[in-house]
Each structure stands twice: as structure tokens, then as C-alpha cells.
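K.L.:
Single-letter residue listing:
Number of protein chains: 6
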Amino acid sequence: QDSSRADSTDGEPLSLITDSPEEGFEVAIQLARKGVTSTQPDKEVLFMLRDVYSKDPDALIASSQVIAIHFQTVAAANNYWRTDSDE
Amino acid sequence: QDSSRADSTDGEPLSLITDSPEEGFEVAIQLARKGVTSTQPDKEVLFMLRDVYSKDPDALIASSQVIAIHFQTVAAANNYWRTDSDE
Amino acid sequence: QDSSRADSTDGEPLSLITDSPEEGFEVAIQLARKGVTSTQPDKEVLFMLRDVYSKDPDALIASSQVIAIHFQTVAAANNYWRTDSDE
Amino acid sequence: QDSSRADSTDGEPLSLITDSPEEGFEVAIQLARKGVTSTQPDKEVLFMLRDVYSKDPDALIASSQVIAIHFQTVAAANNYWRTDSDE
Amino acid sequence: QDSSRADSTDGEPLSLITDSPEEGFEVAIQLARKGVTSTQPDKEVLFMLRDVYSKDPDALIASSQVIAIHFQTVAAANNYWRTDSDE
Amino acid sequence: QDSSRADSTDGEPLSLITDSPEEGFEVAIQLARKGVTSTQPDKEVLFMLRDVYSKDPDALIASSQVIAIHFQTVAAANNYWRTDSDE
Numbered sequence: 183q184d185s186s187r188a189d190s191t192d193g194e195p196l197s198l199i200t201d202s203p204e205e206g207f208e209v210a211i212q213l214a215r216k217g218v219t220s221t222q223p224d225k226e227v228l229f230m231l232r233d234v235y236s237k238d239p240d241a242l243i244a245s246s247q248v249i250a251i252h253f254q255t256v257a258a259a260n261n262y263w264r265t266d267s268d269e
Numbered sequence: 183q184d185s186s187r188a189d190s191t192d193g194e195p196l197s198l199i200t201d202s203p204e205e206g207f208e209v210a211i212q213l214a215r216k217g218v219t220s221t222q223p224d225k226e227v228l229f230m231l232r233d234v235y236s237k238d239p240d241a242l243i244a245s246s247q248v249i250a251i252h253f254q255t256v257a258a259a260n261n262y263w264r265t266d267s268d269e
Numbered sequence: 183q184d185s186s187r188a189d190s191t192d193g194e195p196l197s198l199i200t201d202s203p204e205e206g207f208e209v210a211i212q213l214a215r216k217g218v219t220s221t222q223p224d225k226e227v228l229f230m231l232r233d234v235y236s237k238d239p240d241a242l243i244a245s246s247q248v249i250a251i252h253f254q255t256v257a258a259a260n261n262y263w264r265t266d267s268d269e
Numbered sequence: 183q184d185s186s187r188a189d190s191t192d193g194e195p196l197s198l199i200t201d202s203p204e205e206g207f208e209v210a211i212q213l214a215r216k217g218v219t220s221t222q223p224d225k226e227v228l229f230m231l232r233d234v235y236s237k238d239p240d241a242l243i244a245s246s247q248v249i250a251i252h253f254q255t256v257a258a259a260n261n262y263w264r265t266d267s268d269e
Numbered sequence: 183q184d185s186s187r188a189d190s191t192d193g194e195p196l197s198l199i200t201d202s203p204e205e206g207f208e209v210a211i212q213l214a215r216k217g218v219t220s221t222q223p224d225k226e227v228l229f230m231l232r233d234v235y236s237k238d239p240d241a242l243i244a245s246s247q248v249i250a251i252h253f254q255t256v257a258a259a260n261n262y263w264r265t266d267s268d269e
Numbered sequence: 183q184d185s186s187r188a189d190s191t192d193g194e195p196l197s198l199i200t201d202s203p204e205e206g207f208e209v210a211i212q213l214a215r216k217g218v219t220s221t222q223p224d225k226e227v228l229f230m231l232r233d234v235y236s237k238d239p240d241a242l243i244a245s246s247q248v249i250a251i252h253f254q255t256v257a258a259a260n261n262y263w264r265t266d267s268d269e
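Chains A, B, C, D, E and F are the protein sequences, given in the same order. Residue numbering for the first sequence follows our numbering, beginning at 183 and increasing consecutively. Residue numbering for the second sequence follows our numbering, beginning at 183 and increasing consecutively. Residue numbering for the third sequence follows our numbering, beginning at 183 and increasing consecutively. Residue numbering for the fourth sequence follows our numbering, beginning at 183 and increasing consecutively. Residue numbering for the fifth sequence follows our numbering, beginning at 183 and increasing consecutively. Residue numbering for the sixth sequence follows our numbering, beginning at 183 and increasing consecutively.
In isolation and in its complexed conformation, chain A is listed as follows (with noise of 0.2 Å):
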């Protein structure tokens, strides 16, 4: 996962509530590059990496599916962004 996204926050503190469940995607995006970081914090070992795993099948599911937990606690916390009419 391309880590310098997770520090795009541009400098706004992490929040888990988004208008969108597209934002919200974004959020679990920066989330688990947040936990790749954190376990490997050097930008450029992380690049060296990105060759490896951004075209490896597992690898590549196997970030979806961090993404996946992320956005299942981001759509928890946003009340899934239903609507009044969805209620």
C-alpha cells in the first residue's frame, strides 16, 4: 500500500466521520496504510516494497481485506450514512 497517502491528511486530525461512504473508503485507504507505516515507518523501503505486492494477486486481496475491516468500523461509526428515508 503507497504509503504517502496516509500522511495526505493534510494536516487535518484523523476523524472516522465522513459525508460519503466514498469518503469513507478513503479514510479505511488511509487507515490501513496507517498500520503498514507504523510497523515499517521508512518511505523508501515501503516503495522498494510497493513493486512486490502491487502485482501480487494475494498480496493485493489480502489489502482489500484490511481496507475491508477499516471500512467496516468507518461505515459503524458514519451509521452506515443512511439517510432519514433509509431509517
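Simulated from the structure, these hints should not be mistaken for lab results. Hints may be right or wrong, so weigh each one.
Identical chains blur together in the list; that is why a pair holds if it fits in one copy or across any two.
[Unchecked claim] Derived SDA-like pairs (lysine to any residue); straight-line CA-CA distance at most 20 Å:
| no. | residue 1 | residue 2 |
| --- | --- | --- |
| 1 | 237 | 226 |
| 2 | 225 | 237 |
| 3 | 225 | 241 |
| 4 | 237 | 227 |
| 5 | 237 | 268 |
| 6 | 237 | 254 |
| 7 | 225 | 236 |
Keep in mind it's a predicted model, so treat the numbers as computed, not measured.
Guided by the hints, dock chains B, C, D, E and F onto chain A, whose structure is given.
P.N.:
The following block gives chains B, C, D, E and F in isolation, referenced to the frame of chain A:
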């Protein structure tokens, strides 16, 4: 996971709210693929990899698992598509 | 996972609501297989792969895990099949 | 996972409701094995495979994880076996 | 996972209710090991395997994941050990 | 996962309740590492292994997943750090 489908939301904004479990499963598949394309946006690479993972039992099971996690999120979002008689 | 079963819903629309945990487990199996066939729809390929994964302990455990995640969803959908005496 | 136990429910219909966490853990084990036998019903094959996975640390940990997911479901079904004093 | 600890509940019946997150984490570890010993009860085999998995990063991470799933269950059981001031 | 951080709770008892998602993510990292050190307490072994897993994409993704599961627990414990305006 065939990425083309992830973009076939014909321009509709992403939503977790659907009319049926069947539609909900489609959204789960779409989200699982979105997790892959967010890490590897290059469609040609994904198309090449498809030939590998679509014939690998472990990868097929792992893909099904990512869909299962997203389906759990979508099902909760739709209160499990319960009808009044189910409540 | 033997995909034929995923389509044997004898035309009934997909529903998470069942009368018993046993039926709920069947729906979980059906959903797990649906996740496989949505990625690899070719029945011949799936039949060929069945010979591989059905004798591989890791694949059997991984399949059981996908079923477990779907069963968690179906069980919540049915309020864990609690009867009044259980409440 | 030794499949014989999955069928030793002495004819009782499958239920998630139990009197204690210990019994709940037994149901979780039963469900995890049911997920294996639903994919591979041949007891002889399963018995042969047992020799492999029961001495493989990765497979033992993976089995424990499937049980953990089912135990989470069973624990929620039983309101975590809370007594009035716990509420 | 060192199985001896799974039995060190000094005869106390298994309970998910604990006084603190720290104790809750201990129960999660105990449940994760119980999942292993339910599949492989032979302590000698487990002791031999310990030498392998306790030096294998993938196995250590996988064990931590099983504990994480059980801890999620135990934390929910204890309403996340919230005090009145947290509510 | 670098185990030193798991003990750097400067003596404070483990708590899931934090002021922000950022702090919650730190607790999730701490819990994920606690899961590793509970299985392998030997710091020297862990330090040696760090060199391996911190450069292995699969291990980095798997670590991120354990953190994701714990973060889901911590987020629920803190009601997703919703403010009144979010309710």
C-alpha cells in the same frame, strides 16, 4: 477480481443501501474490487493477474472472504433486509 | 467450494432470514460459494479446482472461515434464532 | 479438525443458545468443523488430512481463528452469558 | 501458543466477564490457545511445535490476530470496561 | 511488530477509552504487539525477527490487519469518537 465491474456504478455515487440481499452482494463485490484497484489502479496489470488468481483456489477463497466482510457491512447497513413480518 | 450448490436456490430470491440455525448455515455456505463463482464463473474450472482444494487442509480451513463470517451475518439477521424463552 | 465431533450433536437440532461459555465454545468448534465437512464430506479423506494439519502450527492457528469467529457469534447470541450482577 | 496457560484457569469455570482490559486480554489469550488444544490436545506435540511458531513472524502475527478476534468478543462482553464517566 | 512499544504504556493500566481516533490507533498498535509478545516474550528473538517481517509485504499487510481488528474494538469502545454534532 475483475476490476472493470468496480467502475460500472454507471456514475451513481457509492451507496450501501440496496433493495435486496442480491443487490447488496453486488455492492460487496464492487467494494472488494475497489480495495484492489485502490492499491493497483493499472487495469492492464490487473487483467494479467486475473489469469493467475481466477484459477488459484486459495486466491478464490481469499477473494470470497473479502466479499464476505463487505457483505456483513452492507447487510448491517440495510438491517438485513428484514421485512415487518421478520421483525 | 462446489459451486452447483450456490445456484440451487431453486429460483427463490436470496434471503438471509431462515427458520433455524441449520438453514442459516446453508445460506452461509451458499454465500461463500457465490463469492467464488462471482470471481470465477466457469463451472469447469471450478470443478477441476475442487479436486485440489477439497484435499488441502489449509484451503478447507480457509473455506470454513468464509462460511463462519457469512454465518455471523446470517445469525445476526435472524437475531440468533432466539426464542422468547431465550430472551 | 476432527469431523466426527461435528456430528455428535446426538441428534439435537443445531442451536446457538447454551448455558455457559464452555458449552458455547463447544458449539463454535462444532460449527468450524461443519464448515470443513460441508466442503469435504468424505470422512476418510478428512481423517487422512488430520495427520497433516494437527501437526502444522499454521493450520492449528488458522483453525483456532475459525473457532474464534464462530465463538464471537455464539457469545453474542447468548448476550455473553452475562448474569444480572454483570449488567 | 503455549497450551499450558489454557488450562491455568485454576479450576474456575470459563467466563468472559473480567474487571479490566488487562484481564480481558488474558482471557482472549486463553481462548485462542483453547482453540489450538481442542484441535491438537497432545501437549508434547504442542511443545515441539512451539519451537517452530514462536520464531516464525507469520505465525506470531497470525496468533496475535486470533487473540484480537477473541479480545473483540471479551471487550464487547464487558461493555469495553467503560466507567460511568466514559458513558 | 516492534515489541518495545507494547510496554511503553508508562505504567498506565491498559484502557480502551481514548480522546481521539489517533490515540485509539496507538492503543490498537499496542494491543497487536501485546498479542505477539504474549506468545514470544523474548525481546532479542523479536528484535531479530523484526528485520525479517518489516521488509516482507505479506507480513506488513498481516500486521496491518491485526491492528485493524483491534482498532475496530477500540473505535466501538469510544462510540467512534462521535461528537454531539455527529449524532
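K.L.:
Which numbered hints are broken by the structure, listed smallest first?
P.N.:
The structure breaks hints 5, 6; every other hint is satisfied.
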